[in-house]
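Enquirer: Spelled out, the chains give:
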Amino acid sequence: MKRLGVFICHCGANIAGTVDVKSVAEKIGKTEDVAHSADYIYMCSEPGQQIIREAIRGKGLDGVVVACCSPSMHENTFRKAVKSQGMNPYLCEIANIREQCSWVHQKEKEEATRKAEEIIQATLEKVRRNDSLEAIAVAINRRVLVVGGGIAGITASLDLAEGGYEVILLEREPALGGHMAQLSRTFPDLDPAFSGLFLKASEVERHPKIHLHCYSELEDVKGYVGNFELVIRKKATSVDRGRCTGCGICIENCPVEYVSQFERGMGIRKAIDTLYPSSVPNKPVIYREHCRYFIDGSCHRCEEVCPEKAIDFKQEDERISEKVGAVVVATGYELYPKEQLGEYGYGEIPDVIDGLGFERMLSPNGPTKGKIIRPSDGKVPKEMVFIQCVASRDPDRYMPYCSRICCMVTAKHAKIYKEQVPDGQPYIFYMDIRSDCKGYEEFLQKTIEEKRLLYLRGRVSRVFQDDGRVRVLGVDTLTGKMVEVAADMVVLATAIVPSNGVKDLAAKLRATVDRHGFLTEAHIKLYPVESSTKGIYLAGCGQSPKDISDTVSQASATASKIQALLSTDKLLQDPLIAFVDEEICSGCGICVEICPYEAREMDPHRGISMVHSALCQGCGACIASCPNNACELRNGSASQVLRMVDTFVS
Amino acid sequence: MSYRLYGFVTQPFRVDLRMEEIKLETVTSVGKVDSSFLEEATKKSGEDLSLCYQCLKCTAGCPTAPYMDIRPNNIIRMIQMGMKREVLGSSAIWLCVSCETCGTRCPNKIDIGVLMDALREMAIKEGVPAREKNIHLLHEAFVQSIRRGGRVHEATMLIDYKLRSKDFMTDLIPGMMLFLKGKIPLLPSFIKGREEIKRIFERCTKEK
Amino acid sequence: MRFSFFPGCTDHSTSLEYGLSTHAVFKTLGVELVEIEDWNCCGAAATHSINHLLSLCLPARNISKAQSSQAGPLVVPCAGCFNMLKRTEHVLKNDEAERKEIEEIVGFTYQPSLEILALMDVILNRIGLEKVQEKVKKPLKGLKLACYYGCALVRHPKITQLDDPENPQYLDRLMKSLGAEPVEWSYKIDCCGADLALTYGEVVKKLVGRIVSMAKEAGAQCIVTSCGLCQANLEMRQEIGLPIFYFTELMGVAFDVEKRDGWWKKHMISPKPLLESMGLV
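Protein chains in written order, with our numbering: chain A, 1 to 650; chain B, 1001 to 1208; chain C, 2001 to 2281.
These aren't lab readings, by the way, just hints derived from the structure by calculation.
Hints may contain errors.
Said to hold, decoys possible - Quick list of in silico lysine to aspartate or glutamate cross-link-like pairs, EDC-like style, CA-CA up to 20 Å:
#1 A:Lys22 to A:Glu110
#2 A:Lys418 to B:Glu1039
#3 A:Lys115 to A:Glu99
#4 C:Lys2065 to C:Glu2115
#5 C:Lys2065 to B:Glu1040
#6 A:Lys451 to B:Asp1034
#7 B:Lys1044 to C:Glu2098
#8 B:Lys1206 to C:Glu2104
#9 B:Lys1198 to C:Glu2096
#10 A:Lys59 to A:Glu26
#11 B:Lys1043 to C:Glu2101
#12 A:Lys446 to B:Glu1039
#13 B:Lys1198 to C:Glu2134
#14 B:Lys1125 to B:Glu1039
#15 B:Lys1206 to C:Glu2202
#16 A:Lys27 to A:Glu118
#17 B:Lys1166 to C:Glu2166
#18 B:Lys1181 to C:Asp2261
#19 A:Lys200 to A:Glu257
#20 B:Lys1044 to C:Asp2095
#21 B:Lys1109 to C:Glu2115
#22 B:Lys1043 to C:Glu2096
#23 B:Lys1206 to C:Glu2166
#24 C:Lys2158 to C:Glu2181
#25 B:Lys1206 to C:Glu2098
#26 C:Lys2205 to B:Glu1140
#27 A:Lys446 to B:Asp1167
#28 B:Lys1162 to C:Asp2038
#29 A:Lys27 to A:Glu111
#30 B:Lys1198 to C:Glu2276
#31 A:Lys2 to A:Glu26
#32 A:Lys451 to B:Glu1195
#33 A:Lys570 to A:Glu166
#34 B:Lys1043 to A:Glu450
#35 A:Lys83 to A:Glu108
#36 B:Lys1133 to B:Asp1111
#37 C:Lys2093 to B:Asp1111
#38 B:Lys1044 to A:Glu449
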């Protein structure tokens, strides 16, 4: 007969406030094979674990049930504790009597007590039939893929490379920088954004451990944590990057001009161009959809003028295979398109621009060389309206969440505007001000005080063109009055949304996104930089809206987590996975089709199905679909589950 | 005892905003927000009104806010918005009793009691008729009483006020009680330095 | 010990009993109060509503008189007068341009060494509660009272610099030293609205009603004040007949000074029945 131990946690009042833990411990203690039954205020605490360790030693236990919170919280804690006494950790199981019992039955104490006892009895049934298992050791590749070359990707790459790990950095644009390359100055210190970014990006370009692939995308991913196999598509730049010196003669001579997206529609660019002046790397690409050579073969201008003969119209997309052990997804954000905002003029009013547009205007390397002027007529705007929460915090029509950066961005915009146009009047429409990071509130109050900004509390109802000006209709709830401003120019602080293509990328990586397309983390508080898939990590606005400080912090956190992961040669995986009874398996292949992790494969020689132990996540899909019951889950066999069900229904 | 609700709930606002008059066609259809009123009020009161972030601490503790047409926080807001006519014509500036509860608690160190003094003075100077006529008339009667004798003489001051306000019946009984208790002397006591007082009055009113 | 003394207009009218009891108490304590010569009205609430400069010059004249009397710190019994004098002092000390203007109009040179003190402050911090206790003949044993400070003594704290502006204790400590039992209550610094007493009786009735009923709810048998306007206002505008004392009157009772019957006759709500029931007449 087994000698089992049961340890019931009070979790302060979280469990004990509802469940009568003493009586449960007493009743369970009467079970024949339960050699020890105890309760304690916090089992996860050091004295709590000591109770478990002593009982194992003193009573010679060979199986343990800890009745406490969800296994996602402390399963590891207790398995380590039993292991320290020489017990196989997989003989320790968690009976969740908090999330699944006390929290949901706070008003039914008697029923909750009965249910807690049943949950423990069922878990005992499982432990009685558990096998001793060993963790699966997997060799790992100690290189890292970073997707996205904005400030998040740059930071993570540099941190990892400095830690001695090789990094492959992918950026789909022709240069590094992401949206930070578009910014003028950053709050709250008003440092020039570009110089800081340039410094870091150049470091990336030079770093011997970082393999930078710009104008490139991730085409395919296979594998699992520690062993990912990638296919990278390097798009044809039509410029031999080895030969190109970045002299810019081709750009000067290119006859094709079109509206620049980088300049948010306010500047022009050429068919052969760099992403932005002095970009990193500072080498142009030919945008084939605009190039006359590619449209009708009518122009060879760049090829003619290039002193290095670096133009290569014949260049083709290149596919590279790489292997890495972990992936950082740092795909960043986009602004909610103003073309979809009806009440703000559907993007058709030239003097209504978005925040990034204003940033370009404020940038010395931008379309206006840093001068604030009306896009429609080039005049200096004297009445300037800034509108916050555009498409944010609007669950009905747009985005329900707060985009987090807009309050500070707008204050910064208004401050810079007032510095440049001292006789101008900025009006800021806002719902409330969120300035919750170090130095932010002080920055804001100082700005309001020094610059005499007029904050109007209320959402704008409508913005429309009227006789050369932009009429803004709103309300100031502080005076309760309707407000109408005849503005020269309007800047919309539009919502942050995930950048295009994140969903496809997430699907390739088997990572998940929320309903807005932001990548989901494994746990909002405890595992904030891990995705729900092992080996896939998150950094920056792809996970949620955040400012530069938070992005850099998160990217560094991600890099440290990965360094910890890759610090050993072998990776230990939970052995709680599927296994095949080779004598029963008929080789029908249904499991191979159904497995979402590509962990099932046919053995071509024996004609039966195998489990790829490193890939299997123990989800059970193959077990449910197997027509012959040839498949079982380790320590989760059908007989165990049925016994547990019996406990509840009997 | 749980909590009690006072004023705002039990006493409805005396809403008398005359919407058509105050309607904000508004901050600016032409030109810009007129910041001259903000500058004037800031200079006159010595308080930095741009610091207000509308936490409403002032209004929350104000004993007479429930009876004001514009609440103290809104007075500051309307000054920021350049609504001079509305502010100087409000009852609020006259209903403020200078108890300084607001100024003591303001997180931004704005002394609203002092601001209210400045606004009353501005209203008088600009010839804006006091929305609370009687309060202003009583102040005048009081000050004139000092001007006459150097000290306040309640009997003549009250008669002066009653004549100015033509409000003869209100508070007749408490006044009579004070008189009967021998607390209101019939004859005013004049100080010797009446000429000094007269000169101070002249200088203070002339230089305004 | 000697102080110069500014009685204020109400000393001769609505708060006669405050003046009478103050003088009686100080006589018992052996402290001389020298009334400043030919003082004028401090300007009170009305002046600062009409003319800022005048509201500073009128108190300044009294400060100049106190300076030349050389009778020591200037003591002010009425909280309203105290506040006006302190406001002027604040300007004289902190605003050089305005000080020069005031000095020129009033015709004097300000001496920052002149202290301006509230009567209560003098008793607690200059004379001392030990001295007060020595003089107590009839302790106010069992008398439950609510100490009411109102606005002008404690606000604005940067001006009055007296006690804790949110929970002042001076009066409570003084009353305890007399043997009385001050109750804990939350309305000791709430405004009674005296400024509107003659123009907005209905508003004032509500404010006073709240203060008085809360004092009673807290178990007080009476309220103690230190301001002429508050005392008159609390007495005249309430409907439940709670006696309102000046703190000096209760000191007089405890010191068992003579001729105090005259004080009670000046009250709208006679405190005599209460005092009789406590054996304090």
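Enquirer: Hint compliance check: list the failing hint numbers for this structure, sorted ascending.
Expert: Of the numbered hints, 5, 9, 13, 15, 17, 19, 21, 23, 24, 26, 27, 28, 30, 32, 35, 36 do not hold.
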